[in-house]
Every structure is written in C-alpha cells, then in structure tokens.
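Protein sequence lines, in the order shown, are assigned to chains A and B. Here the working numbering is used: the first residue of the first sequence is 1, the next is one more, and so on. Here the working numbering is used: the first residue of the second sequence is 295, the next is one more, and so on.
I should point out that these hints are in silico values taken from the structure, not numbers from a laboratory. Every value quoted in this text rests on a predicted model; they were computed, and no experiment measured them. Heads up, a few of these hints could be off.
Under the rule of at most 25 Å between Cα atoms (straight-line distance), these lysine to aspartate or glutamate pairs were calculated in the DMTMM-like manner [unchecked claim]:
#1 A:Lys106 - B:Asp311
#2 A:Lys251 - B:Asp439
#3 A:Lys251 - A:Glu281
#4 A:Lys251 - B:Asp445
#5 A:Lys106 - A:Glu51
#6 A:Lys75 - A:Glu151
#7 A:Lys75 - A:Asp238
#8 A:Lys75 - A:Asp290
#9 A:Lys75 - A:Asp232
Residue-level listing of the chains:
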Amino acid sequence: MTGGNNRMTGSSRATFAAVLAAPALWLIAFFVVPMSVIWAYSFGRTLGLTEVAVTGTLANYARVFDPVYLMIFAKSLVFAGATTAICLVIGFPYALVMTFAAQRAKVLLLLAVMLPFWTNLLVRTYALMAVMRSEGWVNDALGLIGLGPFEMLHTNGAVIAGLVYVHLPFIVLPLFSTLDRLDRSLIEASLDLGAGHLRTIFQIVVPVVWPGILSAVLLCFIPALGSYLTPDLLGGTDSQMIASVIERQFKRANDWPFGAALSFMLLYLTLAAMAWRALAERRAAGRTADRAAR
Amino acid sequence: MAGWLTWLRPRRAGPLDYAARWPLRLWVMAVLVFLYLPLASLVLFSFNASRRTIRWEGFTLDWYAYMAGDDALIGAFANSLTIAALSTLASVVLGTLAAIALWRYRFFGRGVFDGMVTLPIVVPEICMGVAMLVFFGQIMPWPRDLAWPFDLGAITIAHITFSFPFVAVVVRARLASFNREVEEAARDLGASELRAFADVLLPHLRPALVSGALLAFTLSLDDFVITFFTAGPNTVTFPVKIYSMVRFSVTPEVNAASTVLMAITVVLTLIGMALQGTDMAKR
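Make the full structure from the sequences, and use the hints.
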C-alpha cells in the first residue's frame, strides 16, 4: 500500500481494501493453495493410498527423465508442433480471405470459426469420432472411389486430426487480428512494382506480420500441448500425451507425487513458451521503434 | 444469408480482393466443410430412426424423448445449469472487483496480483484439475452427503476460480475507455463513492458485464477436464455424463444430448455477438 499516484484518504483506503480483498483472498484460497500443495507433493513420497510425505526428494523429477516419460514428453511436443504447423497452413489463407472480405462476409466468416470455438470440446471430439469410425462418413466416401475402409480411430493420425480440428480457431482469430492491422499500401506497392501475389505474401506480408504469426502459433501450441480429452478419445494406447499420464498417476496408478512432478514440468513448459512469446513481442516492438526513430 | 450468397457469386477481382479469388474461395469452403461436416452429421443422426448410428433410416424425435426420460442425464443437466448460474454470478462480481483493483489503484504487490489473476487462464487444465482433486480430497474435503445444491460446492468453487479471471480481462478492456473525469465530476457534485460507482462506473461497464457473464456461463457449462477431477459419484455434470456415455457406448442418445448442449452454446454465442455488435454501433 506504499507509493501511488494519488494519496489515499482513509475512506478510499477502505474502499480499496474492500475491492481487492474478495478476489485476492479467493485466488489465494482456491488457486495458490491448491497449486502449492501439488508443488509440495512433487517433492514427496507416497505412504498410503492417498497419503503423501513431503520429504524434499527429487526422485519424482528424476523419474520424469526416465526414457519412457521423456518419450511421452517428446511425443506431446511433436503432436502439438505438428498440430500447430497444420493449423497455420490451413488457417493462414482463411485469415487472409477474412481480412480482405467485405464487411458482411467478414462477420460471417468470423462467426463461422467462433461457433465451433465455443462449442463444447467433448461434443466436437465426439462428432469427429463418429465421422472417423470405420463405418463413418470418411470411409464411406473413400469406399465410393474403391479405397478403404481404413482403421482411422485410435491412431496417432486421428489424434493430430482431432487436435487440428479443435485448435484451428485458436490460430485463425489471432492471425486475423494481426493481418487486419496490416498497412495495405505495402501490398499495393509490392504488386505495383511487379511482384506476384505469392511473392508479395511471402516477402512482404509474412515478414511484416511475423510477430503476430509467432504469437498465434503459441496460442495454438500451448493448449494443444496440454490436451487431455482429444488423445484420450481419439488416440490408441501408443498415442498418449502428457496429460493422460498425469491423469493416470492421480486416478488409477495413485502416485500423486510423480503426477505432481509431471504436471509441474508441463506447467514450466507452458510458462517458458509464454515467456518466449513476451520476449519475441518486446523485441519486435523494439525493432519497430528503431525503424521509426531512423 | 443473402450476404453469404453474394459473397459466393463470382465478380471481377480487384488487386487486393483475395476474398474473390477462386483458389482461396475453395480453400475457405474446404475449411468450413472440415469444421462443420462432423457437427452437422452429429445433429443429423440425433434424428435418425435407427439405433445403429450408421445409416439414415428416417426422421424421429425418439432419442430426445428417451433423453428426457433418462433421470441421470436430466439430473446432470440440472447440475450443470445450477453450477453455471452460481459460478457466473460469483465470477462477474469477483472479476469486476479484480479488474477495478488493477485499473484504479497502484499498490504494493500489484504485479504479483496481476500475475495471479492471469495465471488460471494460462495454467493447463489438467494441472488445475489435479490441484483441485488434491485440494478437495486432502486440504478441504467437501462433505459428501450434503443436500442438493450444496453438494455441488467443490465443482462450483473450481469453476469460479477458472472463470473469473476471464471476466476480469473483459472488464479491464472496457475500463480502459472510461473517462475518470466523469466520475470525479460526480464526486465533486456530492455523490458518495458508492453512489458514483453505481451511477457512473457501472453503467459504463454494463456491456462488459454482460459479455463477461456469457463467457463465464459458457466456460462453466462446457468444462470437462477440471470438473472430471472434482466431480464425485453423485455430482455428475452434463459434459461428464456425456463423456461416460461416449466411453461406454455410442448411441443416438449421445447425439441428442450433444445437440442440446451445442444449441445452448450457439444461442449464447449469438446473443453475445449481437450485444457486442450493438455496443460497437453505439460507440
């Protein structure tokens, strides 16, 4: 309560306390405390069924580096990376069309990605399951041209398809907001000077909106990395991601300390990605400032 | 709908008219088919007369009737709506208070508080889910045999915790456009702090409060992962119930339940977008 623009009088100090108290106490009681308990457990050892002794051991973190679990982390990173790359390839042209569409079409295209975005994750995943079953529509369509039926459900491909399906809006929305702010005269200048459309996009548009693209990529990558439901429903036994392993430690395997260590490793990866994004944005802002100063 | 059709009609493309180029149009069409075909087939097969969900065998509303008679499913649905309503109410209050605290005051630990409010948005759902599992299992066990709706307390608390930071983000964005001189004028004219808040600041915030509330309601109604870890055997929510139905069997009843959930979300999203639209038009 030190410092401040305006000196607080007694009554405004009371108002301040009243405003801050409820959200601060709520967060401490129901967010900071639960997360801290998990953090403490990650340095502990199981005693009984649900009893954990916090001994300060690092054994749980050492176990994370066991090849079995390293492989699962690697697989999760690959799944999330592939998902993000595919989403970017699919989403960029969509965002481009949205940016340059007439006002009305723009709203409709926006609505078209927003609706699935707000639709329940479970419902979307279930919808995809039904389409991909061996008697589903995709195999029916393939059957018409004499192919299949393929076993698509419960494969790694199904997991990636599902993650792309679920995360596409995560990349289209930020891409659109960054493309929408782009100075169009840059594109016009490039076209006037004789560059083709593809060349203009790759040499002018992409470099200019690069910070926005990075940001969109992370907004897709981060939730994809922690996905639980999609690999659980669409994947097979060998397509587990970190979240499924964490779930197993807490439910069936009953090894809370190890599950806690795994979830903090996932959290650290997430926070590292966020920090990298903040850094990249600051660097990009610095470059723009430099250019403006020159 | 008419706008949609004109958009489809070919016209001569200007140099920047990417929306009028055929390859890009086809691309957009393909994306829309990819996004909507699975959802459309889900809705369609909820009206299918066949028990096996593969072939279309005629229109029926039987699955909706069957669903309405499924007490467990209806109970789960009532639980979900109750939790969402309670969570929305608390999230709007807490989120608004947090936003005002961060916007108005400079105080010791402001950065930490700012980070704390943002963290629940960032933390992977699974991490928060297991944290809640342990918290309500070990630290603050929620009594098992309370009367409805008090048995939903643990889930509701978890939902408030991940929802109100989103409300805070929405309200903060709105606060940025508030002219503090208006409030100071009210104070100079003799309004008490509370009066100035209720008559000047709150009306300005109303659009953000409405969209924040819709957001909180949808987040709560949709949540599966965190609820999955806090739900007990007697406190099942709609998504958790659908999950167990999907896990054990695929019947048209699941399609019907999913369609209902989807319809609620679509209506809420459309209301939210319409409100935002009128809000933008007023500015």
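Okay, the hints, checked on the actual structure:
no., hint, verdict
1, A:Lys106 - B:Asp311, "holds (13 Å)"
2, A:Lys251 - B:Asp439, "holds (22 Å)"
3, A:Lys251 - A:Glu281, "violated (40 Å)"
4, A:Lys251 - B:Asp445, "holds (21 Å)"
5, A:Lys106 - A:Glu51, "violated (55 Å)"
6, A:Lys75 - A:Glu151, "holds (21 Å)"
7, A:Lys75 - A:Asp238, "holds (10 Å)"
8, A:Lys75 - A:Asp290, "violated (40 Å)"
9, A:Lys75 - A:Asp232, "holds (14 Å)"
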